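Novice: These are the residues of each chain, in order.
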Amino acid sequence: MADSSDLRSKSVLADLSDPSSDDQAQERQSIELEPLPAEATSLRRRFSRRSFLSGLGATGILAGAAPLAAAAPAVEPPSQSSAVAGKRTLTLNINGKEQVLRDLDPRATLLDTLRERLHLTGTKKGCDHGQCGACTVHVNGRRINSCLTFAWMHEGERITTIEGLGEPGNLHPMQAAFVEHDGYQCGYCTSGQIMSAVALLKEPIGPSDEDIHHAMAGNICRCGAYTNIVAAVRQVRSQA
Amino acid sequence: MQTFEFVHAETVEKAIATRPEARFIAGGTTLVDLMKLSVETPAALVNINALPLTKVEKLPDGGLRIGALVRNSDLAWHPEVQKSYAVLSQAILSGASPQLRNMATTGGNLLQRTRCAYFREPTAGTPGGYGCNKRTPGTGCAALDGLNRTHAVLGTSDHCIATHPSDMCVAMAALEAVIHVEGAKGKRTIAIAEFHKLPGSTPQIENALEPGELVTYVDLPKPIEGARSVYLKLRDRASYEFALASAAVVAKVEIGRIQSVRIALGGVGTKPWRSPEAEAVLTGKPANPENFRAAAETALANAHPRGENAFKVELAKRCLVRSLKLATA
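Read top to bottom, the protein sequences are chains F and D. In this text, residue positions in the first sequence follow our numbering: the first is 236, and each later residue adds one. In this text, residue positions in the second sequence follow our numbering: the first is -4, and each later residue adds one.
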């Protein structure tokens, strides 16, 4: 769980810590990551930021750029065997569709499974420790941090991501309200903010802006778009 | 993250029979976090989310039975908890974020681990890393003379000054909760005062659970008729932050005198800190600021601050005085 003192301490401690901690971070990262399937790659002929960065990652050009290399997917060779020790095939219900995930590592968080296996990249990885809320999704209609739970724990449950909420031309009222009120700047936290905002509509919280502040406290916006986010949430609550 | 065997348990019997060294996983909010940091490296995880421990039920004696898998948000918003155990509802809602409260369970919150930055540092307790007796006994405690602004002032030892982070447990200490556990040797109950352990010379032992024992229920005794309860939490910001000092008070006042009072402090102790000494100061006395201050002085009489956390002693006293005022107003 988040606490600012911990975050502060981390930045203080970083200078003093063992240089091997970067290696550990990369080792932790590499286990969840899988290559894009061939069909997904062919669909991405159209040039995009995501395909550009993924391509660079695959050819290793960014190997020396630690911050980007740690954030972008590392690519492991395709698995030749369908049964890998410790891995298992499971089915998850995501945005109303049954998704079969072959050979899923038990260590795969729900967040990494959504992003790296199913390429539902609307859900963002921020802190990866339940402190920022960028990874917020709904499980059985309740909001959770998808970074702090393993995919294996969610068979038989209804998982909803930002992709399942609305789509261009048919936005969820909360998505439309965020657009109307400019409830973002860089946009990185936005999908998590919207997933939280939609969930709070069904929670027994009070009617005031102060109640919105507390109910949205698990979603950090480093651009500081809070005032506009609260305006968007207030508008949708008044329409409900 | 080190790999692990993943076992799904459908019954309590299967869960406790799996492997004594396995860790149970429910919400995962502490465990997954610490596995990513290499602080927890379990060889096996037992997923207990399918166990039938999800109910809140009234007991025949007027108490309340809370299943270990009841999520923090559901417990805080339960009508009976809001009505008869307000201190518990307030404590839970003051902690973490809505997403985390939707995940975290009653049993897991009892086992929440410290936020000490040294304890959470991946290499702590290993050669070349910070000393942490909780991670690796005998490696020392870097917090004793280090960054210890958020550390405990009560119940500390020369081996560990890590603060117990839970708000829920502080309220449960004031409510005299009883914890039901089940293991290979059968069922037993543990009073919350006996559940969490002081660090002493063995800070790696945090609670009274035997290896493989599972928390199944938490019972709250029948509410004291006519009593009021309050949880007051002081922290660096108004939400989504751990306590620097907190107080849970359950008090019954009649004609200006305190008939009974239970006091527990959070954010300042190495365990949820019940203060029978402060309660004794107040019992039978008029509910006034002088007596509140005397109780606060008594509660913190044995405080041992270490540098950066010295401010917590006075902060905790004022926190207790204020919460006593609120509970007896």
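If you are wondering where the hints come from, they were derived from the structure by calculation, not from laboratory data. It should be emphasised that the depicted structure is a prediction, and the values quoted were computed from it without experimental measurement. Possibly wrong hints are sitting among the right ones.
Capping the alpha-carbon separation at 30 Å, the derived lysine-lysine pairs in BS3-like fashion look like this [claimed, not checked]:
hint	chain 1	residue 1	chain 2	residue 2
1	D	9	F	322
2	F	360	D	31
3	D	78	F	437
4	F	322	D	31
5	D	78	D	31
6	D	180	D	53
7	D	217	D	53
8	D	53	D	78
9	F	332	F	360
10	D	280	D	180
11	D	180	D	78
12	D	53	F	437
13	D	320	D	180
14	D	182	F	437
15	D	182	D	192
16	D	320	D	280
17	D	280	D	9
18	D	78	D	9
Pulled from the structure, derived: some chain D residues nowhere near chain F, Cβ distances all over 12 Å [unchecked claim]:
hint	residue
19	0
20	28
21	206
22	218
Backbone N, C-alpha and C fix where the C-beta goes; we use that ideal spot for every residue, glycine too.
Novice: Each hint needs a verdict: does it hold in this structure or not?
Specialist: Right, here's what the structure says about each hint:
1. D:9 / F:322: Holds, at roughly 22 Å.
2. F:360 / D:31: 14 Å, holds
3. D:78 / F:437: 21 Å, holds
4. F:322 / D:31: 19 Å, holds
5. D:78 / D:31: 39 Å, violated
6. D:180 / D:53: 27 Å, holds
7. D:217 / D:53: Holds, at about 9 Å.
8. D:53 / D:78: Status holds; Cα separation ~13 Å.
9. F:332 / F:360: 23 Å, holds
10. D:280 / D:180: Between residue 280 (chain D) and residue 180 (chain D) the Cα gap is close to 46 Å, so the pair fails against 30 Å, i.e. violated.
11. D:180 / D:78: 37 Å, violated
12. D:53 / F:437: 26 Å, holds
13. D:320 / D:180: Distance ~46 Å between residue 320 (chain D) and residue 180 (chain D) Cα, so the pair is violated.
14. D:182 / F:437: 38 Å, violated
15. D:182 / D:192: Between residue 182 (chain D) and residue 192 (chain D) the Cα gap is close to 20 Å, so the pair holds against 30 Å.
16. D:320 / D:280: It holds: about 14 Å lies between the C-alpha atoms, which stays within 30 Å.
17. D:280 / D:9: 52 Å, violated
18. D:78 / D:9: 36 Å, violated
19. 0: 8 Å, violated
20. 28: 5 Å, violated
21. 206: Given that every Cβ of chain F is farther than 12 Å from that of residue 206 (chain D), nearest at about 22 Å, it holds.
22. 218: 21 Å, holds
Taken one by one, the earlier hints fail for this structure at numbers 5, 10, 11, 13, 14, 17, 18, 19 and 20, listed in ascending order.
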